[in-house]
Amino acid sequence: MLSLTLWGVRPAHAQSVDEGEMELRSSIFLHQDLQKGSGPSAGVAYESYTSASRPAFGDGLYSSNALFKGAWQGKRRVGSSFSFVGDFAGIYSASDQGLYPLIKEAYFKREWSQGSLRLGVDNTSWTSFEDEWRLGLYRPRFMYNKLSGGQGGLLGFFMESKGFTVGFLPVFVPELGPHFENNDGELTSQNPWFGQLPKTINYNGSEAPIRYKVKIPPVKDIVLKPGLVASWQKDLNKNYSMRWSGAYKPMPQLLLNFPSDGRFVIGNTDQYFEAEVNPWVAYHGVVSTDHQVQNDSKTLRARISLAHEDPQVPERPKTWVTQEIGPATFVSTRFETEPQAFGNTKIFLSQFKVWGGDRPDEGRYASDESYFESRQFFREAYGLGFETLWPLKFRALSSVSVIYDRIQEGGALLARNAISLKDNLQLYLNLEFLGLLQENNPTPTGFLSRYRANDRAELGVTYAF
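Going from the sequence shown to my numbering is simple: count from 1 and add 714.
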């Protein structure tokens, strides 16, 4: 499956925990942090892909890696009228010798009695389930780790007042993923989340090898794509709240295509198909709504979210093999409870389903199995998990979640554990496991099938200055 991004990021999102209580993000993909306050931090981690010996893992990928992280999070006054809010990091991956910047938030903010104005990268949540199911619907995903990479922000001008938020996005930044390089017609990356590309194409009943090129468009053709986004949210009473959002903007994912006519090259010793990959920007319209009810004590909550996407796919030459997408409808529900008997603990059950979206490739050499990677990682999935702050003398936080996708017949288990050795020193262990119920999978190009050998353990330490 073909899935290319020019460069990528690896998140190191911080989550603060106030004394005596947890601040838990509404997501089954958690990056918890026990450190308090704001400012710079640095860390180092070791990650190991524990199933690297399996054939499904792929060739040329690193099975272990050292990560060096630096981050800044906080709020600072700038002059008499503005403040600066930031949550961003840089991560250096030793194995692929790549620096991955991530910007979750970085904006200047001016507040007044009726609202605020934000200028920069803003991480407003436009719908409740985008982070939870890694949709990349409104905001781009960080794809260094496709399972738990987190979401980025939108770059623009944002006005907020009386429950309304309106954003103008003058430039576009697409999703960012692992570094890759071209080695004699083979696009390679040592990052296990890059995705293995098709090596052959069917030509006159036989398989011909593929040699790749990537035609990088001018930067202005990518970034000079403006958009609009808006939302309105209202707490009707202490038990019921709702939010409506909409956008017309570039789709965070680039569409991939390659010409097919006249691309077979016959040499002195071999013949091959030259695939020149062309990334294109496509617009889409998105509307969504979230509705949440809770009891008076806020220990029991239920939420339903609906969204619809209408892509505006650009016209591409008929002689190309093209990635095709269509309208998609999404629904997600989530139930949460915080049993008082368990202290600072949250238990949740969630569900997600999408209708539509990916379509078969088009073009002369299109095949039954798409050359391109699916935009949605899950099709019909169910999640169950818990998050807890352990009642210990030192601060310790854990989250465990299990996901099962009925259509892909597979699932994932994610566990996050962190302890504070001191107020500014944290040790953490993250575990991720993916798998299928059986090897004969009904969706061989699906996310869980493609990355079923990417079981991962990460042990790290961070220090806040």
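Calculated directly from the structure, the hints in this document are not laboratory data. There's no promise every hint is true.
[Said to hold, decoys possible] Okay, the calculated beta carbon distance ranges per label pair:
(1) Pro884 - Trp1069: 45 to 53 Å
(2) Glu988 - Pro1028: 35 to 43 Å
(3) Lys1032 - Lys927: 17 to 25 Å
(4) Gly774 - Asp1024: 49 to 57 Å
(5) Arg790 - Leu938: 42 to 50 Å
(6) Ala780 - Lys1107: 29 to 37 Å
(7) Leu1173 - Asp1024: 23 to 31 Å
Just so it is clear, CB atoms sit at the ideal spot from N, CA and C, and this is done for glycine as well.
Which numbered hints does this structure break?
-> Hints 1, 2, 4, 5, 7 are the ones this structure does not satisfy, whereas the remaining hints hold.
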